[in-house]
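**Q** Below, each chain spelled out in residue letters.
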Amino acid sequence: MDALIQQFFNFDIMSRALPLVLQGLAQTLLLCLIVIPLGLIGGLLFALASLARSRTLRYGMIVAIDFFRAVPPLVLLIFIYSGLPFAGLRLSPLTAVAVAFFLNTSSYYGEIYRAGIESVGHGQWDAARSTGLNAFHTLASVILPQAVRNVLPDLVSNTVEVVKLTSIASVVALPELLYSADMARSLTFNASPIVLAAAIYLVMLWPVVRLISRLERRMAS
Amino acid sequence: MNAFLETFFKPNLIAQYLPSILKGVFVTIEIALAVVISGLLLGLVLAVIRSFHIKLINVFIIVIVDMLRALPPLVIVLIVYFGLPNVGVNIPSFAVLWLVLTLVLAAFAEEIFWAGILSVPKGQWEAARSTGFGFVGTLGYIVLPQAVRLTVPPITNRTVAITKNTALGMVIGVPEILNQATSAQSFSGNATPLMMGAIAYVLLFIPVVALGRFLETRFAWRRS
Amino acid sequence: MPILSIRGLRKSFGHTEVLRGIHLAVAPQELVFIIGPSGSGKSTLLRCCNRLEEPTAGVITLDGVDLMARSTDINAMRRKIGMVFQSFNLYPHMTALGNVTLALRKVVGKSRRDADAAGMAALERVGLSAKAKSYPGELSGGQQQRVAIARALALEPTVMLFDEPTSALDPELVGSVLAVMRELKSAGMTMLVVSHEMRFARDAADRVIFMDHGLIVEEGAPAQIFGAPREPRAKAFIAELTR
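Just so you know, the protein sequences line up as chains A, B and C, in that order. For the first sequence, our numbering begins at 35 and goes up steadily by one. For the second sequence, our numbering begins at 1488 and goes up steadily by one. For the third sequence, our numbering begins at 36 and goes up steadily by one.
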């Protein structure tokens, strides 16, 4: 029991690792501020493209979305970071992460937006179009507000996933939260810094996870 | 064009590393299947336990499940992988990966199954009980079959997402696809093995994603 | 000079031809009532008039403007054709006033103050100015439908199309909607109404049209169609309705 505490909850080591870990947290938050808006906007574009009138655009988009949902994000990231340089395109860890995340999260958000748009009854389109609203205004004022409201739990849930996903940036040596904690671990031969990082993730995400459960239950009833 | 093929599709490298990539494919499939079976079963068991409404156990389940859903899987993997040996527990890295992914899938599955059980109308319980079914019988014959049907789309979605995390095994040395691909890449100084790994993943998972899409339309998740 | 002129209108869905050559001329201020069995194409006819359904063939002219021409700004034309749906189709996330003024603000480009004034006037006309701030979910079916009518009215249409406006309402709420429609008629609005409300047709319609299998089978004054229909199919249908 004592060994367990020593190994995982060594407060002395945690406090020594704290400055480094907090720096990592700052980097994680910065990363979130970049990739979440990118994904939300990208997802909307992907969704609208997958509902376009042009059949090539529609099918092309669905293929692309399925592709980026099938490839594990870590594989995509490694490919962009380690593979592209061989083709002459060398990206910084941050850029590589941003690109990989954009492709991956836009696909997931895109699917959610698409389901939301399809869940808004046809009658709403009919009514808006019959009053002379063009497609843009119909989408912006009538369809999307309802669509987003319908899939809000899924959007929030996916955003939580994106925040958790930032941890894979540690694999390409981006000094975010997990990377910094892991570095402290290798310096101290003790897992407590990672437990500290875990605690920080919990503080950030646990309340949201609870909220999602409640939202999901309310929508299912 | 030729340079592109040389960089990503060099034929002799493809031949040379194909066996090792295939070995990675087997490892990935084994772990993924194991995770799906154990994770979904455990999730179902936890949801059923929760339906007995024993306050203390439920609180315990909710806390653990919430933690598993709020933490990045990679964090949990590293804690278990680096921490356990130092307290005397030695398990191979593929077991660590399987264990962590099972727990994470079980946590998400429990929440989804629980939402499914809750959304089976009360009338179903009443009808079953009034024809003489006990609690367990009602659950087994009437409620669970309906609940599970309701939950097919979110369960498939979540299962696919979590099995893709087998790629995280690379970080702790599990010889799955990504690991084999990156080792081969550093040995050969060429990105072809990496491309092979990416294609292997795509070939593995696109059918799964397509299956998920099909199941989603068959069992459209009713949202009010 | 008819305000709405339909010539040779055909509409197919895949292999099924729903409209098989409709000829109809609606005079200004006329109320044309359309009846017929389900599947006869009545709704489709209405929906072709504002191109919610794209006609397969034929010409539709509103106030001299060819609706099918490529150069026609269909969105501008749609403002001139008001449409009221069986299922109301109010925007649930906006208040009644919001529903009525959305197109005024976004398409006509009115300022919020002007739009609100026009919107309130339309709501006043249907007797619901007191409910301007209410959401559709808080209104009864009859009130929702009247808001839908106000939404079309606010755009000052030339013609109004009613697609089974009272079919989805509980019986006691039907009267309020019909009253509004009667008021519109007496104020001189040109109206095309698909409905089963026979008494309303007898009182207010100028012309009744009986449709079956995508064609106009018989048309005439209400007294004649309901009292002494000539065509056998019309006879059978009227007999069913008045049983």
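Honestly, the hints are just simulated from the structure, not real lab data. Just to be clear, a hint being listed does not mean it is correct.
Stated by the list, open to error - Computed cross-link-like contacts, SDA-like style, restricted to lysine to any residue with a CA-CA straight-line distance of at most 25 Å: (1) A:K198 <-> A:I114; (2) C:K168 <-> A:S175; (3) C:K115 <-> A:K198; (4) C:K115 <-> A:W159; (5) C:K115 <-> A:Q158; (6) A:K198 <-> B:F1569; (7) B:K1609 <-> B:P1640.
**Q** Now look at each hint and say whether the structure bears it out.
**A** Against the structure, the hints come out as follows:
1. Using a Cα cut-off of 25 Å, the hinted pair A:K198 and A:I114 holds, with the two alpha carbons roughly 20 Å apart.
2. Our distance criterion of 25 Å between C-alpha atoms is met by C:K168 and A:S175, whose separation comes to about 18 Å.
3. Taking the CA atoms of C:K115 and A:K198, the gap is near 52 Å; set against the 25 Å cutoff, the hint is violated.
4. Distance hint between C:K115 and A:W159 is fulfilled; the C-alpha atoms sit about 18 Å from each other, no more than 25 Å.
5. Distance check on the hinted pair: C:K115 and A:Q158 sit about 19 Å apart at the alpha-carbon level, within 25 Å; holds.
6. A distance of roughly 20 Å separates the Cα atoms of A:K198 and B:F1569; the hinted pair therefore holds under the 25 Å criterion.
7. Between B:K1609 and B:P1640, the direct Cα distance comes to roughly 23 Å. Compliance with the 25 Å bound is thereby established for this hinted pair.
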